[in-house]
Amino acid sequence: MLADIRRKYETPYTPIVISGNIGPRGDGYNVDHAMYANEAADYHGEQIAVFRDTECDMVSGFTLNYVEEAIGIVRAAKKAEMPVVISFTVETDGKLPTGQTLKDAILETDLKTDRAPAYYMLNCAHPTHFADALAKDEPWTRRLRGLRANASMRSHAELDAAPDLDAGDPVQLGRQYRDLRSRMKQFTVLGGCCGTDHRHVEQIRFACTAEGERQVA
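Residue numbers are given in the numbering used here: position 48 of the sequence shown equals residue 48, and the series is strictly consecutive.
Calculated directly from the structure, the hints in this document are not laboratory data.
Check the hints yourself; a few may be wrong.
What follows is a set of in silico ranges between Cβ atoms, one per label pair, in the way DEER data are often shown [as the list claims (entries may be wrong)]:
id, residue 1, residue 2, range
1, K79, T188, 24 to 30 angstroms
2, T11, A157, 30 to 36 angstroms
3, T11, E158, 40 to 46 angstroms
4, D166, D42, 32 to 38 angstroms
5, V171, T11, 27 to 33 angstroms
Backbone N, C-alpha and C fix where the C-beta goes; we use that ideal spot for every residue, glycine too.
Taking the hints into account, I'd like the entire structure generated from these sequences.
Spelled out as structure tokens, the structure:
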């Protein structure tokens, strides 16, 4: 389906990259049945090998909540000779569910894979959850290139138990993306995660483009 869309809409001015996305083996909100890095490479390697034999240009591991699984995905992607992106999720304190800081997770993944990931992302967390972790302009933050935030400010535990879908405030979310990008220009892969829909994506696009800035001014 994605290959058909690319053939229909891609132009020299609008290149389209197809990413084969994979999720965590376990619950993205809880670190249960954690694997060693080599186990993770073996587990995810089968799916990555399938992507390699399609029109996928790259693979992306999303909602990863402990570093060993991220390392395993990267190793499997290297074996398949495919570019790879790693997207961690964090709790309301800006740390992975294991308690490891985002900084240490990225540095450890880079160290144990020879900086193989093309870049890193954050997903399945609200901007208020990781704003403090990104407040300092430290070298490791430049490895982050993308964001798919939740619409809701609720914690993972609250979202898991919630009987409703919290859509939050699309306009405010767009502004929070804009504020992040004003400090971190390398954030260019933008989208939404839990609770988001076309309204949120529209506001993110509006807030983060020159067109939106002109209209606000």
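For the range 32 to 38 angstroms, tell me whether the beta carbons of D166 and D42 fit it or not. Between D166 and D42, where Cβ atoms are some 37 angstroms apart, the hint holds.
Are K79 and T188 spaced within 24 to 30 angstroms by their CB atoms? Given range 24 to 30 angstroms: holds, Cβ gap about 28 angstroms.
Verdict for T11, E158 (Cβ pair) under range 40 to 46 angstroms: 43 angstroms, holds
Do the beta carbons of V171 and T11 sit within 27 to 33 angstroms of each other? At roughly 31 angstroms between Cβ atoms, T11 and V171 fall inside 27 to 33 angstroms, so the hint holds.
Determine whether the Cβ-Cβ distance between T11 and A157 falls within the hinted range of 30 to 36 angstroms. 45 angstroms, violated
Hint check: a violation occurs at hint 2 only; the rest are consistent with the structure.
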